[in-house]
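Enquirer: Going line by line, the protein sequences match chains A and B. Read in order, the letters of the first sequence correspond to residues 7 to 351 in my numbering. Read in order, the letters of the second sequence correspond to residues 862 to 1116 in my numbering.
Honestly, the hints are just simulated from the structure, not real lab data. Predicted, not measured: the structure shown is a model, and the values here were computed from it. All residues carry an ideal CB built from backbone N, CA and C; glycine is no exception. Each hint should be verified, as a subset may be incorrect.
Unchecked claim - Which bits of chain A does chain B cover? Going by a derived footprint, with three or more residues having C-beta under 8 Å, they are: (1) 241-255; (2) 286-293.
Stated by the list, open to error - Interface residues of chain B toward chain A, partial, derived using beta-carbon atoms under 10 Å: (3) R904; (4) D949; (5) E954; (6) G959.
Unchecked claim - Simulated restraints, written as ranges between beta carbons of each label pair: (7) B/A927 to A/S157: 27 to 35 Å; (8) B/I1026 to A/V221: 54 to 62 Å; (9) A/S77 to B/R976: 55 to 63 Å; (10) B/D921 to A/L24: 51 to 59 Å.
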Amino acid sequence: MRSPHLISGRRYPLLAALLLAAVPVLLVAAVTYGAVDLPAADVWRVITAHLTTGRPPADVSGIDNEIIWNSRAPRTVLALIAGAGLAVAGAVLQTVVRNPLADPYVLGITSGASLAAVAVITLGSVAGLGVSGAAFAGACATLALVLALGSRRGALTPTRLVLAGVALSYLLQGATSYLQLRAQPDQLAGILFWLLGSVAGARWSDLTAPAVIVVACTGWLLSQARRLNALLLGDETAAALGIPVHRFRLVLLAVAALLTAAVIAVAGGIAFVGLIVPHAVRLLVGPDHRRTLPLIAMTGGLFLVAADLAARTLSPPLELPLGILTATLGTPFFLWLLRRETAVA
Amino acid sequence: MRVQLSGVHVEIGGVSGVDLDVEPGELVGLIGPNGSGKSTLLRTLYRARRPDAGTVRVDDDDVWRALSARRSAQRTAVVAQHSADGFDFTAAELVATGRTPHRSTPAADREIIARALARVGMHDRADRRYVTLSGGERQRVLLARALAQQGEVLVLDEPTNHLDIAAQLELLELVRELKITTLAALHDLNLATAYCDRLYVLSAGRVVAHGPPIDVLTPALLAEVFGVRAHLGVNPLTGRPNLTFAPRQEIRELQ
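Whole structure, please, built from the sequences with the hints as guidance.
Expert: Printed below as a string of structure tokens:
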């Protein structure tokens, strides 16, 4: 009998190879199209010249080189990194709290990051931290608070964590709204863009930290794939399979929070990627983390690159925040998923 | 492998000073009313709940002090009461999780998984989704996972709950045939009598009796521990001892 998963056996490596091949294709496409469409051949020349010689090619105009290499390329790469990081973080959190509705924001860390970022925008720099630094610090502080509220006698229970995260989120969102009310009119656009997420204005120098964090965390999680599978089956079973459940859960939470914080610090609060991408991949290949995690990383990255391309090209010259696009694409998918879950149950 | 619990005490969960032994190859039943501490006691053996006092030994090694979580999981496998089924594993994928504490090649894993499924008679349903299986089939898949774990001690926590009678008998026959050192919490006293070599009776966290089923399950003990009137007869089909129950006298008078 055939496996009930849509993609199984020999078709799995094929799907993985297809996604991998789609990454460079979509990256070049995303750099080619925008407010001004550039010749794909020029795009390819600029990218290869920079990658091989570290200098722009002589036969492409300075302005085109500037657009390709210093504007579109870094934001596209950031979209790839951010999408991968958020999707992987969402997948891990859904496993850790054993709740299919979990996403990178369920623990409230985005709200903490948002409050800190908006505070810096409206009230000015605190302790020398810029918007990104403040967002990262806010995320870490919120995680520490959620862990303290969510643990009981030193043990973390999934339900308590989610409830603590959700409760704290509301409080932090309230504070963020208050700051928005008091903001100057010229600060509002910046605040909105940050809250809804954007990769516009990304510079190469911003990318190193999130890239290293996303690659390292995803690699480590992949090495833990079998233990993640065991964790899905419940604490008792996981313990019986030789996993120190409480410690493992704490480490996973920290890793998921690090991924999320690293991404939102530079790209803001991009919603839905972390929720829908893991589900979409599981629908195709089943729940085994050894198979899902690499695909989730690639699909998340590709999804956000495509969303950013749409954000730039749908209504030029207006550039839409990413959150508007991911939510527009994500909500129908989510409702469909909900219907399907109800039908199965 | 031999299992030895001595002076096991768990504050929350209400287990106080339990001594219990399972000899190699023995199938020992743990019985007692709800809340008597059966599951908590079993958790101390499969390393899900550290006892506040006392020692738990498997093959003379202290499970909590001498063995790592992984080493312990290589010796002791469990079929626990609740298993999350919200995620869409196939039977074979679920059995594969039994390989978590081991480091072996994927090819070796596949063979072990296939053998475990065949052992419980589920090889033809390896690629079925776990959630689509019947209660009895699910328990057999979970038993196959325990087999894939290749432990030499098996812990069963009320494995026959929610199964129809045929599936209950089949599962325990299967466990019996495995001849693995087994400690099983059971609700059904007649099943415990029929399949276990020895029984331990737990009441309010203490062992109140232990020994061969026929010596342990006296009407006096059943009245005291379970609050029922019991009659020990003979099962006309199997010739084995058979218990029949009635509510206590005063309850019947109230009606």
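Enquirer: Quick one, is the B/R904 hint okay against chain A at 10 Å, beta carbons?
Expert: holds, 7 Å
Enquirer: May I ask you to test the hint 27 to 35 Å on the CB atoms belonging to B/A927 and A/S157?
Expert: holds, 28 Å
Enquirer: Given a hinted range of 51 to 59 Å, is it respected by the beta-carbon distance of B/D921 and A/L24?
Expert: Once the Cβ atoms are compared, 54 Å apart, the range 51 to 59 Å for A/L24 and B/D921 holds.
Enquirer: Is the shortest C-beta separation between B/E954 and chain A less than 10 Å?
Expert: Holds, because the Cβ-Cβ distance from B/E954 to chain A comes to roughly 6 Å (cut-off 10 Å).
Enquirer: Closer than 8 Å, Cβ to Cβ, for at least three residues: run that test on the stretch 286-293 of chain A against chain B and report holds or violated.
Expert: holds (count 3)
Enquirer: Range first: 55 to 63 Å. Now tell me if the beta carbons of A/S77 and B/R976 are that far apart.
Expert: At 59 Å between Cβs, range holds.
Enquirer: Quick check on B/G959 please, does its C-beta sit within 10 Å of some C-beta on chain A?
Expert: holds, 7 Å
Enquirer: Note whether the CB distance of B/I1026 and A/V221 lies within 54 to 62 Å or breaks it.
Expert: At 55 Å between Cβs, range holds.
Enquirer: Close enough to count: is the Cβ of B/D949 nearer than 10 Å to one in chain A?
Expert: holds, 5 Å
Enquirer: Quick one: see if chain B covers the stretch 241-255 of chain A, three-plus residues with Cβ-Cβ under 8 Å.
Expert: Contact hint for the stretch 241-255 of chain A vs chain B: holds, 10 residues under 8 Å.
Comparing the model with each earlier hint shows no violations; every hint is respected.
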